[in-house]
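K.L.:
Sequence:
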Amino acid sequence: MTHKEIAQAFSNGKFEVTFPYLADNIEWIVAGREHFKGREKVIDNCTKTAEYFKTVTTDFKINNIIEENQIVVINGTAEFLKDEKRLAFISACDVYEFNSSNKLEKITSYCIE
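Residue 43 in the numbering used here is what sits at position 43 of the sequence shown, and the numbering runs on without skipping anything.
These are calculated hints, taken from the structure and not from any lab test. One should not assume that every hint holds.
Below, a list of computed lysine-lysine pairs in the DSS-like style, where the Cα atoms sit at most 27 Å apart [what the hints assert, rightly or not]:
(1) Lys4 with Lys82
(2) Lys85 with Lys37
(3) Lys106 with Lys85
(4) Lys54 with Lys41
(5) Lys41 with Lys4
(6) Lys14 with Lys4
(7) Lys14 with Lys106
(8) Lys4 with Lys85
(9) Lys103 with Lys41
(10) Lys48 with Lys4
(11) Lys41 with Lys85
(12) Lys61 with Lys106
(13) Lys37 with Lys106
(14) Lys82 with Lys37
(15) Lys37 with Lys48
(16) Lys85 with Lys103
(17) Lys106 with Lys82
(18) Lys14 with Lys85
(19) Lys54 with Lys4
(20) Lys48 with Lys103
(21) Lys48 with Lys14
The structure displayed is predicted, hence computed values, not measured ones.
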């Protein structure tokens, strides 16, 4: 997968396909909320998040993708519905940083509800 494809999959909640591309020392920072350090902790959070996604209807929309060198930036929205009621609507921007081995080493997520 390309950097762009990895970032798109992660932003769209398709975490599992990105696992082979995570660096051992990856960090995932959800600005102002959470900070996950290490491959195991990131995968654990992805798994928990994916389980939640199975309980709701999700609508992810990507508005822009910017890619330069080892960085991909994606902004878009996510809507979460249950029984046709909106639970949340989030505008987000994710910054993906890849290392020289083409492994994802840092994700910084900015989310506004």
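K.L.:
Looking back at the hints listed earlier, which ones does the structure fail to meet?
P.N.:
1, 2, 3, 8, 11, 14, 16, 17
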